[in-house]
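Trainee: Residue numbers 0 to 582, in numbering that gives the first Met the number 0, belong to the letters of the sequence shown in order.
One or more hints might be untrue.
[To be verified] Computed beta-carbon distance windows for the label pairs:
1. ALA268 with GLY533: 15 to 21 Å
2. ASN546 with SER328: 29 to 35 Å
3. TRP289 with LEU34: 20 to 26 Å
4. LEU162 with MET214: 33 to 39 Å
Simulated from the structure, these hints should not be mistaken for laboratory data.
Even glycine gets a Cβ: it sits at the ideal position worked out from N, Cα and C.
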Amino acid sequence: MTTQSLPRTVERSLWANRLRALLTQENIITIIVSLIVGAAVILPLLTLFVSSFKVLDPLGWDTTWGFGNYVTLFTDRIIPKAFVNTLIISTGSTILATGLGVSLAWINARTNCPGRDYLEPYNLIPFFLSPFIGAIAWHNLGEPQTGLLNNLARDVFGIEGALMNIDTIWGVVWVTGIFFAPLVYLFVVGSLRRMDPSLEDSARTTGAGLWRTTMTVTLPLVMPGILSGAIIVFVTSAGEFGVPFKLSAPYGWETLTTQIFSKAVGDDANHFLGATMAMSLGIITVFLIWIQQRYIAPRSFTTVTGKGFRPNVLDLGKWRWLAFGYNLSFIFVAVILPIACLIIVSLHPVWTGKIIPEAMTFNNYVKTLFFWRPDAIQAATNGIVNSLILAFGGSTIAMVMALVVSYMIHRTKGFGVRLLDFLSVVPIGFPGIVLAMGVLVTYIQTPIYATLWILMLAYITRFFPYGQRNISAIMMAISEELDQSSRMAGASWFTTLWRITIPLLKPGIFAGWILLFIIFLRELSISIILFSTGTETLSVGVYYLTNFENEPLTAALSMAQTVVLLIAIYVFRRVAGREALTA
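From just these sequences and the hints, can you work out the full model?
Mentor: Next comes the structure, spelled out in structure tokens:
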């Protein structure tokens with residue numbers, strides 16, 4: 000061997016060692032998982048972006064490349080108004096939800112309000128229920144002619160005309176505000192419970208009263224949580240489809256989501272203009288989520304002391320009963336009243352706005368639930384079966400995906416971990432209807448289009464980060480020494496995951512599975528874009544009945560969905576515990 004060949008041999012040996020170090024089992028698995036997640040997340044969004052530049056000719060036969068769709072956003076007769084309406088709804092909902100969520104969190108976490116521990120689970124119920132079902136309930140409560148409350152006001156108090164009209168843009172603000180208030184609650188209540196009481200004690204020793212202490216000390220300390228919750232509510236309201244579809248769009252108050260829907264389905268559908276609108280909405284929501292993640296979420300204040308810490312309970316004196324009444328009022332308005340209305344309406348063959356006990360029947364439940372009956376409504380019965388398939392199967396696949404992703408991010412040093420971490424956050428920033436448009440234009444010419452598989456793919460892509468967040472929170476609390484000891488004993492990463500990590504994560508995995516089951520069961524904005532005949536979901540079945548303006552049948556199927564959700568909520572609460580969702 001010559002002296003010149005030695006450096007080449009050493010160089011080849013170095014490259015071989017580097018290649019072996021790179022192609023470890025962990026790196027290969029991480030790269031494969033990153034590619035799968037990337038394909039599921041990035042491909043639809045990339046296709047959506049590209050499709051937004053394809054302009055359909057007036058006859059609908061040919062397309063050209065250009066910015067015509069973006070020009071249409073500003074020159075169309077309806078779309079600019081829809082954007083303004085979306086802004087009004089999102090802003091109003093955020094203000095209402097933030098006010099309700101922060102005040103309820105403060106009452107339950109910091110005061111001696113009677114029964115606060117028993118009332119808290121009921122404060123959170125609207126978070127799990129479908130806002131679309133809430134809109135249907137409130138339509139039957141506040142519609143000017145057939146609304147239950149309006150008719151009671153006429154009969155009992157002799158009021159002429161209507162007490163309220165819920166079918167306006169302000170009705171959308173009301174329903175989304177009360178149903179999204181628990182989101183803000185969850186972001187704030189954890190910080191309030193962990194707050195150092197000495198900070199408030201110091202303020203009171205200087206002569207500050209309860210109100211001044213709360214406004215100048217307590218709320219500023221939990222402001223990062225308040226702002227984070229407010230941004231999430233704003234984004235969620237902007238992407239909400241069901242509530243404006245029921246309460247405002249039929250009466251001339253279109254929103255971006257209802258316009259995206261009209262461009263995605265129907266005889267005059269324009270998928271490319273729909274993609275442009277979805278892309279524009281997605282850019283806005285992603286920007287707001289980026290602000291929340293980049294500047295607000297990392298902010299924190301040292302408000303918790305050491306081992307001797309116990310949170311103070313503020314004595315409200317005689318005002319504690321006012322706080323109790325306020326708490327009960329929210330539960331009545333957000334939970335009891337809508338569900339009671341759905342039950343009453345569902346028992347009538349025809350709904351006229353008046354309760355007629357002798358006319359009540361269970362026939363509407365027979366038509367919507369008993370698929371073997373000849374008079375069964377196929378869209379409703381299909382929806383029940385399909386939703387259960389998607390909820391059971393999709394939640395299981397999503398949790399497996401979430402488990403592997405969480406383990407790769409927190410327990411390995413593999414190549415591509417940072418990319419995987421980024422990809423697992425991306426779906427959170429996009430409303431469901433935006434991602435659904437991306438999936439539609441991506442897979443419309445593939446075999447999975449018009450099947451349950453395309454719905455399952457979209458569900459998993461959009462919501463698996465919720466399961467991943469749930470597992471990650473528990474995984475970060477488990478010492479890495481257990482994993483390291485297993486690996487040092489010669490176990491592979493898979494053996495370590497199966498024998499060590501998963502048994503420790505079982506409660507979190509099951510809680511995450513239940514949470515995804517609830518979300519999948521109530522989902523509408525993705526389903527409404529991607530469903531076809533035979534693949535209707537529960538929420539699509541409700542939409543189908545709503546289109547026929549048959550309120551009793553709609554209420555019956557809505558109640559069926561609500562009962563299943565309430566059972567799942569109870570199981571989730573029992574498994575996950577009190578602090579499961581708090582930020």
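Trainee: Quick one: are ALA268 and GLY533 within 15 to 21 Å, going by C-beta?
Mentor: holds, 19 Å
Trainee: Do the beta carbons of ASN546 and SER328 sit within 29 to 35 Å of each other?
Mentor: holds, 34 Å
Trainee: Taking the CB of LEU162 and the CB of MET214, does the distance hold inside 33 to 39 Å?
Mentor: Holds, since LEU162 and MET214 (Cβ atoms, about 34 Å apart) stay within the stated range.
Trainee: Is it true that TRP289 and LEU34 lie within 20 to 26 Å of each other by Cβ?
Mentor: holds, 24 Å
Comparing the model with each earlier hint shows no violations; every hint is respected.
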